[in-house]
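Student: This is what each chain is made of:
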Amino acid sequence: MASPSPKSPEQSEKNKQYDRQLRLWGDHGQTALENGHICLINATALGTETLKSIVLPGVGAITIVDDSTVTDEDIGSNFFLECSSVGINRGSEALRLILELNSAVQGHSVQESTDQILLENPDFFKAFSVVIATALGEKTIQELSQHLWDINVPFILCRSVGFLGSFRIQLKEHAVVESHPDNEQPDLRLDMPFPALKSFLDNFDLDVVELKDHGHIPWIVIIYKAIEKWRLKNNNQWPMSTKEKNEIREIIRDFIRKDENGIPINEENFAETLRAVNTALVPTFLPVKIQKLIYNSAAINLTNESSPFWIMCSALRNFVETEGKGKLPVCGALPDMTASTDHYIQLQNIYRNQAAIDAEAIYRKVQQITAQLHCETISETEVKLFCRHAHNLYLIKGSCIAQEYRLESSVASYIARYLEEPNVMMVHYILLRAAERFLSEHCRAPGDWEPEGDISKLKSCVSKLLSDISCSPFPKDDHVHEMCRYGGAEIHSVSAFMGGCIAHEAIKIVTKQYIPVNNTFIHDSASTNSAVFTF
Amino acid sequence: MAGESQTSDHNQRRWHHIKKLLERSGPFCHPDFEPSPDILDFIMNSCKVLVVGAGGLGCELLKDLALMGFKKIHVIDLDTIELSNLNRQFLFRKNDIGLSKAKCAVDFVNKRVPGCEAVAHHCAIQDFDEGFYRQFHIVVCGLDSIVARRWLNGMLMSLLQYNDDGSLDQSSIIPLVDGGTEGFKGNARVILPGLSACIECTLDLYPPQKTYPLCTVANTPRLPEHCVEYVKVIQWAKENPWGNSVQLDGDDPHHLAWVLERAQERANKHGITGVTYRLTQGVLKNIIPAVASTNAAIAAVCATEVFKLATSSCANMNNYMIMNMADGVYTYTFNAEKRSDCLACSNVTRVMEIEPEATLQAIYNKLCDDQDYMMKSPGITTIINGRNKTLYMASVKSIEERTRDNLKKKVTELGLYNGADILVADITTPNTLTIKLKFSELEDIEMTH
Amino acid sequence: MIKLFSLKQKKDEEGSSRPGGTQKKASAAQLRITKDLNELNLPKTCGTEFPDPDDLLNFKLIICPDEGFYRGGRFVFSFKVGPNYPHEPPKVKCETAVYHPNIDLEGNVCLNILREDWKPVLTVNSIVYGLQYLFLEPNPEDPLNKEAADELQSNRRLFEQHVQRAMRGGYVGSSYFERCLK
Numbered sequence: 001m002a003s004p005s006p007k008s009p010e011q012s013e014k015n016k017q018y019d020r021q022l023r024l025w026g027d028h029g030q031t032a033l034e035n036g037h038i039c040l041i042n043a044t045a046l047g048t049e050t051l052k053s054i055v056l057p058g059v060g061a062i063t064i065v066d067d068s069t070v071t072d073e074d075i076g077s078n079f080f081l082e083c084s085s086v087g088i089n090r091g092s093e094a095l096r097l098i099l100e101l102n103s104a105v106q107g108h109s110v111q112e113s114t115d116q117i118l119l120e121n122p123d124f125f126k127a128f129s130v131v132i133a134t135a136l137g138e139k140t141i142q143e144l145s146q147h148l149w150d151i152n153v154p155f156i157l158c159r160s161v162g163f164l165g166s167f168r169i170q171l172k173e174h175a176v177v178e179s180h181p182d183n184e185q186p187d188l189r190l191d192m193p194f195p196a197l198k199s200f201l202d203n204f205d206l207d208v209v210e211l212k213d214h215g216h217i218p219w220i221v222i223i224y225k226a227i228e229k230w231r232l233k234n235n236n237q238w239p240m241s242t243k244e245k246n247e248i249r250e251i252i253r254d255f256i257r258k259d260e261n262g263i264p265i266n267e268e269n270f271a272e273t274l275r276a277v278n279t280a281l282v283p284t285f286l287p288v289k290i291q292k293l294i295y296n297s298a299a300i301n302l303t304n305e306s307s308p309f310w311i312m313c314s315a316l317r318n319f320v321e322t323e324g325k326g327k328l329p330v331c332g333a334l335p336d337m338t339a340s341t342d343h344y345i346q347l348q349n350i351y352r353n354q355a356a357i358d359a360e361a362i363y364r365k366v367q368q369i370t371a372q373l374h375c376e377t378i379s380e381t382e383v384k385l386f387c388r389h390a391h392n393l394y395l396i397k398g399s400c401i402a403q404e405y406r407l408e409s410s411v412a413s414y415i416a417r418y419l420e421e422p423n424v425m426m427v428h429y430i431l432l433r434a435a436e437r438f439l440s441e442h443c444r445a446p447g448d449w450e451p452e453g454d455i456s457k458l459k460s461c462v463s464k465l466l467s468d469i470s471c472s473p474f475p476k477d478d479h480v481h482e483m484c485r486y487g488g489a490e491i492h493s494v495s496a497f498m499g500g501c502i503a504h505e506a507i508k509i510v511t512k513q514y515i516p517v518n519n520t521f522i523h524d525s526a527s528t529n530s531a532v533f534t535f
Numbered sequence: 001m002a003g004e005s006q007t008s009d010h011n012q013r014r015w016h017h018i019k020k021l022l023e024r025s026g027p028f029c030h031p032d033f034e035p036s037p038d039i040l041d042f043i044m045n046s047c048k049v050l051v052v053g054a055g056g057l058g059c060e061l062l063k064d065l066a067l068m069g070f071k072k073i074h075v076i077d078l079d080t081i082e083l084s085n086l087n088r089q090f091l092f093r094k095n096d097i098g099l100s101k102a103k104c105a106v107d108f109v110n111k112r113v114p115g116c117e118a119v120a121h122h123c124a125i126q127d128f129d130e131g132f133y134r135q136f137h138i139v140v141c142g143l144d145s146i147v148a149r150r151w152l153n154g155m156l157m158s159l160l161q162y163n164d165d166g167s168l169d170q171s172s173i174i175p176l177v178d179g180g181t182e183g184f185k186g187n188a189r190v191i192l193p194g195l196s197a198c199i200e201c202t203l204d205l206y207p208p209q210k211t212y213p214l215c216t217v218a219n220t221p222r223l224p225e226h227c228v229e230y231v232k233v234i235q236w237a238k239e240n241p242w243g244n245s246v247q248l249d250g251d252d253p254h255h256l257a258w259v260l261e262r263a264q265e266r267a268n269k270h271g272i273t274g275v276t277y278r279l280t281q282g283v284l285k286n287i288i289p290a291v292a293s294t295n296a297a298i299a300a301v302c303a304t305e306v307f308k309l310a311t312s313s314c315a316n317m318n319n320y321m322i323m324n325m326a327d328g329v330y331t332y333t334f335n336a337e338k339r340s341d342c343l344a345c346s347n348v349t350r351v352m353e354i355e356p357e358a359t360l361q362a363i364y365n366k367l368c369d370d371q372d373y374m375m376k377s378p379g380i381t382t383i384i385n386g387r388n389k390t391l392y393m394a395s396v397k398s399i400e401e402r403t404r405d406n407l408k409k410k411v412t413e414l415g416l417y418n419g420a421d422i423l424v425a426d427i428t429t430p431n432t433l434t435i436k437l438k439f440s441e442l443e444d445i446e447m448t449h
Numbered sequence: 001m002i003k004l005f006s007l008k009q010k011k012d013e014e015g016s017s018r019p020g021g022t023q024k025k026a027s028a029a030q031l032r033i034t035k036d037l038n039e040l041n042l043p044k045t046c047g048t049e050f051p052d053p054d055d056l057l058n059f060k061l062i063i064c065p066d067e068g069f070y071r072g073g074r075f076v077f078s079f080k081v082g083p084n085y086p087h088e089p090p091k092v093k094c095e096t097a098v099y100h101p102n103i104d105l106e107g108n109v110c111l112n113i114l115r116e117d118w119k120p121v122l123t124v125n126s127i128v129y130g131l132q133y134l135f136l137e138p139n140p141e142d143p144l145n146k147e148a149a150d151e152l153q154s155n156r157r158l159f160e161q162h163v164q165r166a167m168r169g170g171y172v173g174s175s176y177f178e179r180c181l182k
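The listed protein sequences derive, respectively, from chains A, B and C.
Following the UniProt record's numbering, the numbering of the first sequence begins with 1 at its first residue and continues without gaps.
Following the UniProt record's numbering, the numbering of the second sequence begins with 1 at its first residue and continues without gaps.
Following the UniProt record's numbering, the numbering of the third sequence begins with 1 at its first residue and continues without gaps.
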């Protein structure tokens, strides 16, 4: 058992540098990030603030596409430009200053317009894990998003105007194995204990335990014994109703030892047992969203193009239908609970062993599938991770931004529903879209020169949009006035906030951990309010 | 050279974005807001902002404020730069390891943003007195320490001045904007000392530090953390591997290696798995995970609020925002309520008028008999020359014996003076009261006779 | 809304002081401990000692149980109240060597409210009562001195003899105990 402890446990330089984030996404998350390549279109303040928080944690490479030259206004809001940068290509200057943040990151700058690249070298975008764009015109947004949708490259479209910021994530399909839920439901199988667990629980005799050990019986055992006792009197049913759960609680209270005066002895493990009644009595079941996943046509009709995720889903389905008897593989994690060391470790090993057995079975199925399909093998580590998190798999099926921009009927009615509420954040969305329309019509942001004159023009853009989605005009013009007041100004702190959020989402997409926004996030820094919409 | 006018043109254009917000009115502006070029002039040339902490949040704050037009920024931080800071504290490079965070951050930003006149203080916040803190218009803080937050909160409360009618003198308010992060979660808030909920009012919003029952650690360990905690709390003191006087230092790699090895031995003995270098270090140093993106977002919210406070261009958040970026991006803003029994912000100083010749007994009697107090057994302390002094306390026998003689002494003999504060605790009040002594003028007393 | 811009065009320069404004203010921890101590309601078996009556943050608690295994003993605990009080509990150590299931030979005390179950609403008084209870009802289920705990459960008489021996001054097993009888 005893393994020699390493004499020199010093971490590598890299592990030290990234220590605080490795505690969030692990070494494998870091590896995924280091294999990522992010493309930024337009090095505005919003763009560079986003890149900053992607470069610091150590993404593999970045590419900046920008054909504009640095102005004084840029210097005023963008930290990654210097006074001496004025007149030089904005992307290359920003790249130079951003790369100073982390010598491990590779960087490239492309001094061409997006339109030109789309026209002349559309395959250029295939190299990227995520494309992030700011300050694009309506037309380019639609062409680019359609292209990235077609070549299946994740895309984040971002804006920062005055106090308003937004980003829209376009993902064709994004599977998350490690979603890191805040409260994970424990997978204990008390209603259908596997053989090793059943024999451990059945051989445990509460009555012969000495008093000092009585306070260290794991609550899993106590609750199991209580349920067994209850089932003997109730036709072997499983307690479900509130009344039945209360009966279980009564039995548990009876188990508590009393002192010489008949007063129950306060024991932490019994208090834990009583608290656990609600969650521990939930019968083991196949969650609907996982059922949907494993019976998804992508998991059924595999081809040699199928992703590892769908291959594993397919193997999982096979397991559920055979060995699993309708249930998922045992996840293998035992929640912390008051217990003697021996009992806890024994229980922990019982769950871990069963998880390993189940994962092994699924791994064999995965191997069969990859052999049949003649596609790349999937490592045992990956399958184990998949099984460990099988209860919390998460899939996002996205939609294309170009489709959203065309305001097709489903999109139109979605927006209209929120406007009727009325939802002020959806009003902000309309204004952001209207400002974009204004820009394409008048070649400047609304209110760029002076606010008053542009109010009616912006209003007509808003009205046009509203009529396109069959909505009546806004009763008041206040948001139109506010947008003209902004005059397309990019406020640094607003861009810095959005940049932090966008970088975060890009990292989630690249590491395939944690759940990204699906799919639009809008933030109003004036009211410190934000909303998520799913177009 | 066309020198100055050209520079001024550059400057005009540099602040073009911000000027739109400050020189134009909007439908959502505060009714008192009057757009004017003077506001930009105010934030650039008059408004003094103190940034507390030059770490994950502090670096961001400094950059954000400099690019929002603030020039007169002071930064305090006691720490020096470490390698593990570099994944988020973007103003530092590997060459800077070991240098002052405050100085490095300030040097970088002053160089990058022309005109910025940030000043660094490489010291503890407690090294400065009221005179220092009073010079600022706004304090913004990015700290990971609750103790430091509470200290700063107390300092800003102590700067509040009250008018003779007991109302708060608004010009003595120094707003505190506070941000905090932990992994993918964070919060930001605006505190108007004396007016809105303060740090002390909402102390229970901070999660308690993770601790493990000592008996579990000693006898029934089951988690790898228990094994590390055992070595830290029990085994180190028993074995004193570096001699009696050497405390365990989580930053010393030799200490860490020793703890790791012992913790692994203990884990092996009990069949516990998972004692790794990372885990050991995490438990020893109570490491909180941190990532650039969360820090950037929270600091930016704080900077926006500082900008709103300084310019009145928009109403401030009311008054506490929480953010969670683990599952999507979620923010929620709510009004944290001021507590009427708050130790810090509801401890409004009361005034007690006494004769300059009065004894402590006279004060004691007044506290017991006066209609305003009606106390049962007041314990009285004060602070003289920065040191706490117990004047009288009846409830603790050993203190009563040693302070009994004070009752006979004149207040001036005890070091008290006109305007001095005494602290009075009694069962009849939820908190210790601060009472300012006001010496009555002799003529007045004679006149009343 | 507070209007900073109009309220304070010019701030006082650094170092300027106002009359009477220079007295250092008490910290929240200080205010709270003053309150705690003023309301201290000690059982008759307990007393406090303040080496410096002006320093309310560091003091000793003396417990002299008048019943149970530890009758006749005198046990000294040191209390250190930190600047984060009451967010964090005081640090309490037993300075008297004692043969006790819940106190180890280094003076660590296993009392839930001193660690995992501390809450800011608790006071010094709560800790005093908790400690006093430990001497009346040593809890062998959650031991810190396992030997003592096992003995208490398996052989109360022997445990009692060992407690007595330790209090009179002497060896129990390989550990030496200083005399602590009153």
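Keep in mind that the hints are not guaranteed to be accurate.
One side of the interface only, derived from the structure: several residues of chain B facing chain C at Cβ under 10 Å [unchecked claim]:
| hint | residue |
| --- | --- |
| 1 | 238 |
| 2 | 268 |
| 3 | 279 |
| 4 | 352 |
| 5 | 356 |
| 6 | 371 |
| 7 | 374 |
| 8 | 407 |
| 9 | 426 |
Straight-line C-alpha distance at most 25 Å; calculated DSS-like pairs for lysine-lysine [to be verified]:
| hint | chain 1 | residue 1 | chain 2 | residue 2 |
| --- | --- | --- | --- | --- |
| 10 | A | 397 | A | 14 |
| 11 | C | 44 | C | 24 |
| 12 | C | 80 | B | 210 |
| 13 | A | 16 | B | 103 |
| 14 | B | 410 | C | 24 |
| 15 | B | 94 | A | 512 |
| 16 | B | 285 | C | 24 |
| 17 | C | 44 | B | 397 |
| 18 | C | 146 | C | 44 |
| 19 | C | 24 | B | 389 |
| 20 | B | 238 | C | 80 |
| 21 | A | 512 | A | 397 |
| 22 | B | 238 | C | 182 |
| 23 | C | 146 | B | 269 |
| 24 | C | 182 | B | 389 |
| 25 | C | 91 | C | 80 |
| 26 | C | 119 | C | 91 |
| 27 | B | 397 | C | 146 |
| 28 | A | 198 | A | 172 |
It is worth saying that the hints were derived from the structure and are not from the lab.
Ideal Cβ placement from N, Cα and C applies to all residues, glycine included.
Student: Now tell me, hint by hint, if it's right for this structure.
Tutor: Verification of the supplied hints:
Because the closest C-beta pair between residue 238 of chain B and chain C is about 6 Å apart, less than 10 Å, the hint holds. Hint status for residue 268 of chain B relative to chain C: violated, with the closest Cβ pair at about 19 Å, above 10 Å. Among the interface hints, the one on residue 279 of chain B is violated; its C-beta lies about 19 Å from the nearest C-beta in chain C, farther than the 10 Å criterion. A cut of 10 Å between beta carbons decides the hint on residue 352 of chain B: the least distance to chain C is about 14 Å, and the hint is violated.
Against a cut-off of 10 Å between C-beta atoms, the interface hint on residue 356 of chain B is violated, since the closest Cβ of chain C lies about 15 Å away. With a least beta-carbon distance of about 21 Å to chain C, the hint placing residue 371 of chain B at the interface is violated under the 10 Å criterion. The beta carbon of residue 374 of chain B comes no nearer than 16 Å to any beta carbon in chain C, farther than 10 Å, and the hint placing it at the interface is violated. Because the closest C-beta pair between residue 407 of chain B and chain C is about 14 Å apart, greater than 10 Å, the hint is violated.
Satisfaction of the interface hint for residue 426 of chain B is found here, the shortest Cβ-Cβ separation to chain C being roughly 7 Å, below the 10 Å cut-off. Restraint check for residue 397 of chain A and residue 14 of chain A: not satisfied, since their Cα atoms lie roughly 35 Å apart, outside the 25 Å limit. A hinted pair counts as satisfied when its Cα atoms are at most 25 Å apart, and residue 44 of chain C with residue 24 of chain C does not qualify at roughly 37 Å. Restraint check for residue 80 of chain C and residue 210 of chain B: the C-alpha separation of about 20 Å stays at or below 25 Å, so the hint holds.
In summary, the hint linking residue 16 of chain A to residue 103 of chain B is supported, as the alpha carbons are separated by about 23 Å, within the 25 Å threshold. The hinted pair formed by residue 410 of chain B and residue 24 of chain C meets the criterion: a straight-line CA distance of about 22 Å does not exceed 25 Å. Our distance criterion of 25 Å between C-alpha atoms is broken by residue 94 of chain B and residue 512 of chain A, whose separation comes to about 29 Å. Proximity of residue 285 of chain B to residue 24 of chain C is assessed by CA-CA distance (about 32 Å); at most 25 Å being required, the pair is judged violated.
Pair hint residue 44 of chain C plus residue 397 of chain B holds up; C-alpha atoms about 12 Å apart against a cutoff of 25 Å. The hinted pair formed by residue 146 of chain C and residue 44 of chain C fails the criterion: a straight-line CA distance of about 30 Å is larger than 25 Å. With a C-alpha separation of about 12 Å, the suggested pairing of residue 24 of chain C with residue 389 of chain B holds against the 25 Å cut-off. Distance check on the hinted pair: residue 238 of chain B and residue 80 of chain C sit about 21 Å apart at the alpha-carbon level, within 25 Å; holds.
Of the pairs offered as hints, the one joining residue 512 of chain A and residue 397 of chain A holds, with about 14 Å between alpha carbons and a cut-off of 25 Å not exceeded. For the hint pairing residue 238 of chain B with residue 182 of chain C, the CA-to-CA distance comes to about 28 Å; that exceeds 25 Å, so the pair is violated. For the given pair, residue 146 of chain C sits about 17 Å from residue 269 of chain B by alpha-carbon distance, which is consistent with the 25 Å threshold. The straight-line distance between the Cα atoms of residue 182 of chain C and residue 389 of chain B is roughly 32 Å, outside the 25 Å bound, and the hint therefore fails.
Between the alpha carbons of residue 91 of chain C and residue 80 of chain C the distance comes to roughly 5 Å, so the proposed pair stays at or under 25 Å and holds. For a cut-off of 25 Å, the pair hint linking residue 119 of chain C to residue 91 of chain C stands: about 14 Å separates their Cα positions. Taken as a hint, the residue 397 of chain B and residue 146 of chain C pair is broken in the structure, with Cα atoms around 37 Å apart against an allowance of 25 Å. This hinted pair does not check out: residue 198 of chain A and residue 172 of chain A have alpha carbons roughly 44 Å apart, beyond 25 Å.
When held up to the earlier numbered hints, the structure conflicts with 2, 3, 4, 5, 6, 7, 8, 10, 11, 15, 16, 18, 22, 24, 27, 28 and fits the remainder.
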